[in-house]
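Number of protein chains: 2
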Amino acid sequence: MAIRFTIVCKDRKSLARAGVLTTPHGVIETPAFISVATQASVKGVSPAELLTMGAQVVLGNTYHLHLRPGEDIIARGGGLAKFMGWPGPTVTDSGGFQAFSLGAGREQGVGKIASVFPEEDNHRDPDGRGDVSRLAANSGESLTRELKSLVSVDEEGVSFISHLDGTPQRLTPESSMAIQKALGADLVLAFDECTSPLSPYEYVKASMERTHRWALRCLEAFDGKQQALFGIAQGGEYRDLREESARFIGGLAFEGLAIGGSLGKSKADMHKVLDWTVLLLPDEKPRHLLGIGEPEDLLECIARGIDLFDCASPTRIGRNGTVLSPLGRINVLNARFREDAAPIQEACGCYCCSHFSRAYLNHLFKEKDELGPVLCSIHNLYFTVSLTRRAREAIMSGEYKRFKDSFLASYSKRAPK
Amino acid sequence: MAIRFTIVCKDRKSLARAGVLTTPHGVIETPAFISVATQASVKGVSPAELLTMGAQVVLGNTYHLHLRPGEDIIARGGGLAKFMGWPGPTVTDSGGFQAFSLGAGREQGVGKIASVFPEEDNHRDPDGRGDVSRLAANSGESLTRELKSLVSVDEEGVSFISHLDGTPQRLTPESSMAIQKALGADLVLAFDECTSPLSPYEYVKASMERTHRWALRCLEAFDGKQQALFGIAQGGEYRDLREESARFIGGLAFEGLAIGGSLGKSKADMHKVLDWTVLLLPDEKPRHLLGIGEPEDLLECIARGIDLFDCASPTRIGRNGTVLSPLGRINVLNARFREDAAPIQEACGCYCCSHFSRAYLNHLFKEKDELGPVLCSIHNLYFTVSLTRRAREAIMSGEYKRFKDSFLASYSKRAPK
Chain D
1 MAIRFTIVCK DRKSLARAGV LTTPHGVIET PAFISVATQA SVKGVSPAEL LTMGAQVVLG
61 NTYHLHLRPG EDIIARGGGL AKFMGWPGPT VTDSGGFQAF SLGAGREQGV GKIASVFPEE
121 DNHRDPDGRG DVSRLAANSG ESLTRELKSL VSVDEEGVSF ISHLDGTPQR LTPESSMAIQ
181 KALGADLVLA FDECTSPLSP YEYVKASMER THRWALRCLE AFDGKQQALF GIAQGGEYRD
241 LREESARFIG GLAFEGLAIG GSLGKSKADM HKVLDWTVLL LPDEKPRHLL GIGEPEDLLE
301 CIARGIDLFD CASPTRIGRN GTVLSPLGRI NVLNARFRED AAPIQEACGC YCCSHFSRAY
361 LNHLFKEKDE LGPVLCSIHN LYFTVSLTRR AREAIMSGEY KRFKDSFLAS YSKRAPK
Chain F
1 MAIRFTIVCK DRKSLARAGV LTTPHGVIET PAFISVATQA SVKGVSPAEL LTMGAQVVLG
61 NTYHLHLRPG EDIIARGGGL AKFMGWPGPT VTDSGGFQAF SLGAGREQGV GKIASVFPEE
121 DNHRDPDGRG DVSRLAANSG ESLTRELKSL VSVDEEGVSF ISHLDGTPQR LTPESSMAIQ
181 KALGADLVLA FDECTSPLSP YEYVKASMER THRWALRCLE AFDGKQQALF GIAQGGEYRD
241 LREESARFIG GLAFEGLAIG GSLGKSKADM HKVLDWTVLL LPDEKPRHLL GIGEPEDLLE
301 CIARGIDLFD CASPTRIGRN GTVLSPLGRI NVLNARFRED AAPIQEACGC YCCSHFSRAY
361 LNHLFKEKDE LGPVLCSIHN LYFTVSLTRR AREAIMSGEY KRFKDSFLAS YSKRAPK
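Each protein sequence line maps, in turn, to chains D and F. Numbering-wise (the numbering used here), the first sequence opens with residue 1 and increments by one. Numbering-wise (the numbering used here), the second sequence opens with residue 1 and increments by one.
Looking at chain D on its own, in the form it has when it is part of the complex:
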């Protein structure tokens, strides 16, 4: 076993638990938020800044890193962590996300084009579900044609057209394992296919069964003694499929479990999916909810037994000047902050809030100085990482329900009046 997971405290009123996950590159105290470094960088935020804010672990994407710079260069650079100057644990996603974004799109004429071929981070992104709906409404022939040309899923694996140079690419369970071994992350994910909230039952079922067969092939191909392989449970928003997948994946010899794919069309749907799934997963293994990381989601899903989260949202919205606060989101570009000498959030301990005003951030964005997006990303990551740390402390002190209810009562996505 490459990792050791110890549950140090369980909440009495929910499934929340506090754990210690020991990896070859260091310890992750759970619940934990994983910062997204799709292309081996957290979009302008340096590892030193991540350490300062208490970030414990980062996640790169197999698909992106395979295309550029290539796993050989990263392997020769000492593996993902050393290559990107991050002195702690790392995770790699398997490339299966592309099967969701492009595969489901190909079948149905919908997809998350904007985030599949990103300027911004595009890890399995819950916000993207909005894109799917929007695109579904507008889906026309040209969209279908474009998607058809990009990917095809078969029993063996997934064929892509590189979004960088148009070259044909192929990922299989075996090649994903080989690439992830070369990348050298501590936690690696099985190669899966995700489905979209618009996929019909029959497609989701067939895809899930294929993902199960891929899971077995991943376990067979995996030989990373310095890595822990996580399986991914699928099943879309269908209860019987979710339960079947949780039982199947949860019963295999993975060192951890991830929950992937469509989580439905609303936060209530997502909660239901977790309620169906989590109790069927082995209690002693760490659980990673892929691509989720909004503040309210973190607290609700921790209560439903999730240990690990990752999400590009803190950096993606930060780069547009949108920042998180206990009262919800605000955008520093708003004209009312032009002369506002207060920090984003009073008493926040992040580097941004302890040194800079909303007026200064507003100025940086107007000047198009990259320090603005970076400072807002730092605040949002600090906010998110701190929220999971505080959740952990609340679990340890037996106050989790009170902590969650208190936070959610004041938090909304509206700007403060």
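No lab work stands behind these hints: they were computed from the structure. Among the hints, erroneous ones may be present.
Pairs involving identical chains hold if they fit within one copy or between any two copies, as the list cannot separate such chains.
Unchecked claim - Think about it this way: if two alpha-carbon atoms lie no more than 27 Å apart in a straight line, the pair counts; the simulated DSSO-like pairs of lysine-lysine are:
| hint | residue 1 | residue 2 |
| --- | --- | --- |
| 1 | K205 | K267 |
| 2 | K82 | K366 |
| 3 | K82 | K368 |
| 4 | K181 | K285 |
| 5 | K285 | K225 |
| 6 | K285 | K366 |
| 7 | K181 | K366 |
| 8 | K13 | K272 |
| 9 | K267 | K13 |
| 10 | K401 | K181 |
Dock chain F against the given chain D, drawing on the hints supplied.
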């Protein structure tokens, strides 16, 4: 007096000296390099990173900050240093640079358009002289027309058209002093007009005499008890004018002296200008050579008695992936660095070199991740700041000539083989 300048050691073989400049916001050990923060930010490099690299002082530009965000917002934010989160001394340039870039351009149909209306930093930039020559060769009617519409210099001051919104703007010695008082930097500069290397003797002479009259008006208008006003000696590349200006400006009640304007057409010309000027300036006051900061220039000009330098070059070239090393410049985008696991410079103590390889920097630039430009800027600033610190140590230990000769023998602008 707002500042105190103590010369702690003089070199015996040159005019180099080591000093301690005490300002209201802290001490500057000279010779010192001033990091350029034209718009109250060092282009993506945070104050924390500047502190880590040993940077002592930053410089903002009155013209830019007056236009955006406006001196009132900065004053309400606690002054330039507090507004930008920089815990040390600050300098503001006077806006006179625009009189050089646009004024000389208007007269002659040449100018530094690319750096006057910058995407990049554009402080008084020696590289810009190249632009002047280039533009002179191409100068056509359209260029002349464009410049004519942007600025006019008269006895009272300079009228501009804002490059941001086209509104008419005006700076005078008195308004520059008032703006700089509101900005609240420790060191402020007199409002001057610079001339270009192509300006004829008669224009340079008339401009210098006007700058002298403006210097008197600046002294009259200046009332910053928490600020030190530096005069600026002009005179272009003409010996009699340089000597006249050094005597005149050096004889006034400024707390420090700056050397501005055209320094000729070559580095040899620049050295001659300093040789004419420096000995006519009062020995006991700090001397700032405006807009110069290439490694070889720092060492040659320190030997000619300069204490302070500022230059946008380290961040400007860094943003394009060009980095300084003891063997000259290299560019990390070069294909030969794609798999190079070595840092930019072995044994360099900067954050970039102690954590990241050339291969990683090459990758970041390909991914257009802003961390790449920022890391290269950090290295270049560290290199430049360290060079002045090492020069100071060499002066203190009586080894300055040996240090300078040794550095210059290996340094060139060529990439290493």
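Hint numbers contradicted by this structure:
Violated hints (numbers, rising): 6 and 10; every other hint is consistent with the structure.
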